[in-house]
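Respectively, the protein sequence lines represent chains A and B. Position 145 of the first sequence, counting from 1, maps to 145 under the numbering used here, and the rest follow consecutively. Position 275 of the second sequence, counting from 1, maps to 275 under the numbering used here, and the rest follow consecutively.
Since the hints were made in silico from the structure, they are not lab data. You can trust all of the hints, since none of them are fake.
Rough simulated footprint, nothing fancy, chain B against chain A, three-plus residues with beta-carbon under 8 Å: (1) 19–29; (2) 54–67; (3) 94–101; (4) 109–120; (5) 123–129; (6) 154–162.
In this text the structure is predicted, and so the values were computed from the model without any measurement. Each residue gets a CB set at the ideal place from its N, CA and C atoms; glycine is no exception.
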Amino acid sequence: MENKFLDKAKKDIIVGLCSLALAVGYYLETYNFRQGNKNLMIGVSFFPRIIGIVISICAVVMIIRGFIRYYHAPKSHSTEAQQNGKQGNKGNMLRVLEVLAILFATAYAMKPLGFVLTMPFTMFSLFVLLEKPEKRKYALYLFFSTISPVVIFFVFYYCFSSLLPMGVLKPLLSQIL
Amino acid sequence: MEAFQFFGSALFSIFLTPKYFLLILGFTALGVLLGALPGISVNMSLILALPLTYGMDSETAMAVLISCYIGALSGGLISAITLNIPGTTSSIATTFAGKPMADRGEAGRAVGIGILTSFVGGTFSYLLLMFMAPLMGAVALKFGNWEYFSIGIFSLTMIISIAGDDVWKGILSSAIGMALAMTGPDPMSGILRFNFGLRALSGGVTTTALMCGMFAVPELLKLAEERDSPQAEAKQVEKFRGYGISLKEYLSHWKNVLRSALIGTYVGVLPGVGASSASLLSYMTAKNQSKDQEKFLTDGVDGVIASETANNACMGGAMIPMLALGIPGSGAAAILMSALMLHNVQCGPLIFTKNTTLIYFVFAVCFVANFVMLIVERGVLSGYIKVLTAPRRIVMVFVIMMCCIGAYSARSNYVDLYVFAAGGALGYFMKKGGVPTAPIILGYILSHIVERNFVHAMQLSRGQITAIFSRPISVAFLILAAISLFSSIRKTIKASRSRKTA
Numbered sequence: 001m002e003n004k005f006l007d008k009a010k011k012d013i014i015v016g017l018c019s020l021a022l023a024v025g026y027y028l029e030t031y032n033f034r035q036g037n038k039n040l041m042i043g044v045s046f047f048p049r050i051i052g053i054v055i056s057i058c059a060v061v062m063i064i065r066g067f068i069r070y071y072h073a074p075k076s077h078s079t080e081a082q083q084n085g086k087q088g089n090k091g092n093m094l095r096v097l098e099v100l101a102i103l104f105a106t107a108y109a110m111k112p113l114g115f116v117l118t119m120p121f122t123m124f125s126l127f128v129l130l131e132k133p134e135k136r137k138y139a140l141y142l143f144f145s146t147i148s149p150v151v152i153f154f155v156f157y158y159c160f161s162s163l164l165p166m167g168v169l170k171p172l173l174s175q176i177l
Numbered sequence: 001m002e003a004f005q006f007f008g009s010a011l012f013s014i015f016l017t018p019k020y021f022l023l024i025l026g027f028t029a030l031g032v033l034l035g036a037l038p039g040i041s042v043n044m045s046l047i048l049a050l051p052l053t054y055g056m057d058s059e060t061a062m063a064v065l066i067s068c069y070i071g072a073l074s075g076g077l078i079s080a081i082t083l084n085i086p087g088t089t090s091s092i093a094t095t096f097a098g099k100p101m102a103d104r105g106e107a108g109r110a111v112g113i114g115i116l117t118s119f120v121g122g123t124f125s126y127l128l129l130m131f132m133a134p135l136m137g138a139v140a141l142k143f144g145n146w147e148y149f150s151i152g153i154f155s156l157t158m159i160i161s162i163a164g165d166d167v168w169k170g171i172l173s174s175a176i177g178m179a180l181a182m183t184g185p186d187p188m189s190g191i192l193r194f195n196f197g198l199r200a201l202s203g204g205v206t207t208t209a210l211m212c213g214m215f216a217v218p219e220l221l222k223l224a225e226e227r228d229s230p231q232a233e234a235k236q237v238e239k240f241r242g243y244g245i246s247l248k249e250y251l252s253h254w255k256n257v258l259r260s261a262l263i264g265t266y267v268g269v270l271p272g273v274g275a276s277s278a279s280l281l282s283y284m285t286a287k288n289q290s291k292d293q294e295k296f297l298t299d300g301v302d303g304v305i306a307s308e309t310a311n312n313a314c315m316g317g318a319m320i321p322m323l324a325l326g327i328p329g330s331g332a333a334a335i336l337m338s339a340l341m342l343h344n345v346q347c348g349p350l351i352f353t354k355n356t357t358l359i360y361f362v363f364a365v366c367f368v369a370n371f372v373m374l375i376v377e378r379g380v381l382s383g384y385i386k387v388l389t390a391p392r393r394i395v396m397v398f399v400i401m402m403c404c405i406g407a408y409s410a411r412s413n414y415v416d417l418y419v420f421a422a423g424g425a426l427g428y429f430m431k432k433g434g435v436p437t438a439p440i441i442l443g444y445i446l447s448h449i450v451e452r453n454f455v456h457a458m459q460l461s462r463g464q465i466t467a468i469f470s471r472p473i474s475v476a477f478l479i480l481a482a483i484s485l486f487s488s489i490r491k492t493i494k495a496s497r498s499r500k501t502a
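Extracted from the complex, chain A is given alone in its bound form (with noise of 0.2 Å):
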């Protein structure tokens, strides 16, 4: 119940921090606008600015808040379990990152490569992070990568007239569509 109070504390300190230099940055980004008609009764960077002093307020509110809470929660010595679980955490946080970093990726080589080529390795690593090392199936999960990105490539094209990214099998692919 301690440690609950305290780790919504710190919740509150970081998202209100991480909040604020966005709306720092978001609010100086407005003055890069060029200037446009001078009769308009509201310029470009109006509503902008708005906005980032709302976030700066609701950061502001949050980092006070986070400070009360953290100092007004009783404060508990971290077990061995706790210790534990932290560094259960941190393997949790890797596998969440490569996750993000294939998504990353994905977009990277989606106009190089195309989707039939990308999608198999984005399916590939997903479904090979996703599931237990000792549960892998890597036989059907070639077979489910490699071919339903071809089969989506052509629907999409035949049924629905919409071309996926080609990359570098354009003149293959061209060739068959």
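The hints should help you fit chain B onto chain A, whose structure is shown.
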């Protein structure tokens, strides 16, 4: 009386011409399928179907597009409940109500109720469309920029209360959504903002990419995080009969159904406000009207009814200004209008006299497609429910693939794939910090309404903000917004005090 004759003959022509009926059946089913896929929005479903209608006559084209529209609008509820990822933006409120039901193993029942109430909401709005289109179109004309601005502000205050006991986190979340919406051209001058010199960002950030990222990626990351815990196993789904609700029980919710259908139709009539605002307003109104708000949140039935009745009722509403005034009430209505224009049919007051047969054919298609949706969606429901019993990690990988397609296809822009991934990371870390993510999307959608109308209104009133007080509808909405905001703040203070005493 004449209206009934035209409507009757249109209905007969649909049932006596196999081509019409089969197209309505096929495209409603296709719409349901597309709407249920996360990342494929209602508008995108229509855009995919639009090229197929180029070679068709106007009646056949409208049968295809309206069926697809009705199917997709309702299909969004399937993934909103089964995967907790809204298939379309209009189903965001359904995720709030559907989650507690899905967690109890009642996902099938929740979808069943959603389908039934979508049918009721749709039918209600089509009846109004048929009999009151010119009258309601005239009411919509009374709404100027100040009124739209006020309704936007009112909707924003309603979103904030989604945050539950912490109003500051709700405001923060919707403000971040509004901040993201500022990317791209300014509504008045067209000057680019927050594009950081990137041409790819000059069109702004799309709702589809952001919504897919915010809802689907955090689910995937949560699975990765909880891989070794037993929570990652598939959910159990209880069996249910019919639509998961008896007629008697459904009728006991009549006040909620009627109120939601009216909100949906009315919001639909207002150009540019959209089904997502309608379903949210309806959901929050139902919550505020509920005698036991705790039960409303944990039970979920009232929430599903409110959200799904309103977003389907919005369709008929959006067609009212489109047909009666030539003003499209939503993006989807704009696509329907352009399809009519391709066939040399001009929307506006004269359409009822110049193209009477076509107009009543459109009404008849709405009713038939709505009925087909009721049957088809229930028919495929068992298949969708099986998705829940499949290992969630496998399902989510396929969902992510569909989301990538949805994010990219919205405007064939590679930057949207980065928006999808970054939106997902933002959504995940916000959830970790206890900040709700749904207000981001709704804040994003509403910010366009608020900013555009405020800027235009200020320009027209030569910078006099007091002009807002000369508009009674506007003042009424602002008072409602103030009440909504203060009640949220009061709730936060109350919750904080009760935590302290505990």
